[in-house]
Amino acid sequence: MPDIDSNIFSHYSPDDVMVVALHPGDPPNLVADFLEQTGIGFPVVQDQGTRSLFNYPQGVGYPYPRDVIIDQNGIVRSIKNSFDVIEAQALIDELLAE
Amino acid sequence: MRLTWVSAFLLLGACVAAPAMDDDDATSESTPPLDDDDAADDDDSTGVPFDPVAYHPALEGLPCAAQQECADDGPHIEGTCCTYGDNLVATATGQAAEAVDVDVSPDGQYVALCGGFGVRVNRLDGPGEPTAHASATSRCQRAAWGESSEAGHVLYLAHHGDSWVDTPFLQTWRIQPDGQAVQLDSIGEALFEGLTWRDGFLYAATHAGGLHIYAAAGEAAPSFIKTVDGFDNAFKSALSDDGDRLYVIDDELLRVVDVSIPAEAELVGVVELRSRGRDVHVRADRAYVALGGQGVDVFDLASPDTPVRLQTIALDGSAQAVHADGDLLAVAAWRYVALYDTRTLSLVATEEVRGAGEFEQDFGVDLRNGWLYVAEWERLHVLRWRPGYVAPDLWLTNEIFDLPVGEGGARLTRVVNRGPLPLQVRDIATSIPALSVSATSLDVEPGEQVDLELTYNPPADPGPEQITFTSNDVDPGQSVGAVTVRLADSARVDVGEPLGPEWGFLDPTGAGDVENLRGKVVFLAYFALF
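So the sequence lines, in the order shown, correspond to chains C and Y.
Read in order, the letters of the first sequence are residues 1 to 98 in my numbering.
Read in order, the letters of the second sequence are residues 1 to 530 in my numbering.
Among these hints, one or two may not hold up.
Unchecked claim - List of simulated lysine to aspartate or glutamate pairs, EDC-like, C-alpha gap at most 20 Å:
(1) Lys80(C) / Asp494(Y)
(2) Lys80(C) / Asp185(Y)
(3) Lys80(C) / Asp402(Y)
(4) Lys80(C) / Asp15(C)
(5) Lys80(C) / Glu264(Y)
As the list claims (entries may be wrong) - Label-pair restraints from in silico Cβ distances:
(6) Asp199(Y) / Gln72(C): 51 to 59 Å
(7) Ala482(Y) / Pro43(C): 52 to 60 Å
(8) Ser436(Y) / Ser13(C): 31 to 39 Å
(9) Leu96(C) / Gly188(Y): 41 to 49 Å
(10) Gly512(Y) / Gln89(C): 26 to 34 Å
Stated by the list, open to error - Residues from chain Y shown here face chain C by an in silico Cβ test under 10 Å; the list is partial:
(11) Gly118
(12) Glu252
(13) Arg274
(14) Ser275
(15) Arg276
(16) Ala410
(17) Gln466
(18) Asp494
(19) Val495
(20) Leu506
(21) Val522
(22) Phe523
(23) Tyr526
Keep in mind that the hints were calculated from the coordinates and are not lab data.
Just so it is clear, CB atoms sit at the ideal spot from N, CA and C, and this is done for glycine as well.
With these hints in hand, go ahead and build the complete structure from the sequences.
Below is the structure:
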């Protein structure tokens, strides 16, 4: 999460990239406490039961963490279990250049 | 010199010198490609000759091993330096419960695995003989063994709090020889995370709360000594061999703390990581840092306060945990474990361990004298490093399939024989008639691969199903194995597909209309406090 904050949320203009964290229903006070401790700046919302609608990356089934990149037309472009800064930025840059 | 697999196998007696690690040659090593998209698998047709050196680039120039370093039982390559056979063999399993962390007691008597249903302690009657011994607490993330006595072994447990644990804790337990676990103390003042104990001192990383240092001798409750501040997100730590320096992961930094006098501990150094660190381990003059999808970074600690990045190990998967011992480095890479030679940082073995659940999840690893103890969610897996052991070695490129329950479809997995003896896969069967496979038995020659296709013809009820098989691979999870097939009520959204109206809750305008997300790139980050 902190690396998403520094490399995606803080790296791009909010006019270009919307970053949202989804949690499965942990108590709000604990979520807030944890996010404060880890310094996350982007919005955090509770998942509305949609995580199971995402396909699992090949060979990996555990749902957390999982990062999904959706393009400007609402099409899912990437689903990853392991955040890779270089890979994520490359895809976002490519989408923004389209 | 580049050896093909067959020529390497035939060149018995040939000995390939171990390449010296060259500071100028800081190129990445690569673990075996694990999916259909990898370059080593250009030809998807069935039975294409398989080049294991391409599959394992680091096999080229493997260091020679003396005969006595080869397998001490079972067939092995006689009269030669060891070449790749089935160098890492799963030998036993033990108890675990949603395990994410593993620690072997200093005397090698016990293995503790922390997880979503507390700690599970396995007694080691021998290094490869785990037996369920004790369990404690309701939930924990990190475990560290303390001192031992006739009364029992002290075990420290940490949790930073979540939906099930209202108050973070640092607990002290006694694990008794009779299998009883007795709680001795509990502290709940910080978001406790990574624990390191040695010689009467306990170091607890507490996220933004910094590093807490306690005197922790015998069975006494940990006595607070001091906090080292200056951390944004202290996560896990590891001590240098001499105990004078503690290396602490702090998000994308590796900080160095002088703990030679714990009461006067202070930050003395820092180095940037290429990504957020997941784990750190120190052995001799090297620090190894797991970086998830970024692999593993290796740092030279010749100057202990100024770690210098020596090399990067790239791997396919996600490095979750590292542990070095002797000349070996073990990496838990989520869906498999890998071993590297620390002298050359060459990859020398990988192995899949079949999980008790639907899929493999390797989150923790401890390495002692050639024995690997792997925290794999529902189980402890014990594997033995046996260089030169010759056996068929089965590797599946897919161990889980998802299919929409209402629609037919087909999926492919690749059965790879990485060993130097013929692999025989038999009794391939599915758990329901609606699922069928393209073959009921397979013979895979050394170094080759064969595709196995799964076909689903509805109807069937939603739920997990299986492809089962037997093989002559000696690893328990491969000799009698299973691949999970999940039939779900609805097709999952996959890459290339649009978000439906159910995603309206993300609408920043509050109108609940997914169309309002259009025009921006959306980055969704799923997380859980576990």
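Hints versus structure:
no., hint, in the structure
1, Lys80(C) / Asp494(Y), "holds (11 Å)"
2, Lys80(C) / Asp185(Y), "violated (40 Å)"
3, Lys80(C) / Asp402(Y), "holds (16 Å)"
4, Lys80(C) / Asp15(C), "violated (24 Å)"
5, Lys80(C) / Glu264(Y), "violated (43 Å)"
6, Asp199(Y) / Gln72(C): 51 to 59 Å, "holds (57 Å)"
7, Ala482(Y) / Pro43(C): 52 to 60 Å, "violated (41 Å)"
8, Ser436(Y) / Ser13(C): 31 to 39 Å, "violated (52 Å)"
9, Leu96(C) / Gly188(Y): 41 to 49 Å, "holds (46 Å)"
10, Gly512(Y) / Gln89(C): 26 to 34 Å, "holds (30 Å)"
11, Gly118, "violated (19 Å)"
12, Glu252, "holds (6 Å)"
13, Arg274, "holds (8 Å)"
14, Ser275, "holds (6 Å)"
15, Arg276, "holds (4 Å)"
16, Ala410, "violated (15 Å)"
17, Gln466, "violated (14 Å)"
18, Asp494, "holds (4 Å)"
19, Val495, "holds (5 Å)"
20, Leu506, "holds (6 Å)"
21, Val522, "holds (4 Å)"
22, Phe523, "holds (5 Å)"
23, Tyr526, "holds (4 Å)"
In summary, the numbered hints that this structure violates are 2, 4, 5, 7, 8, 11, 16, 17.
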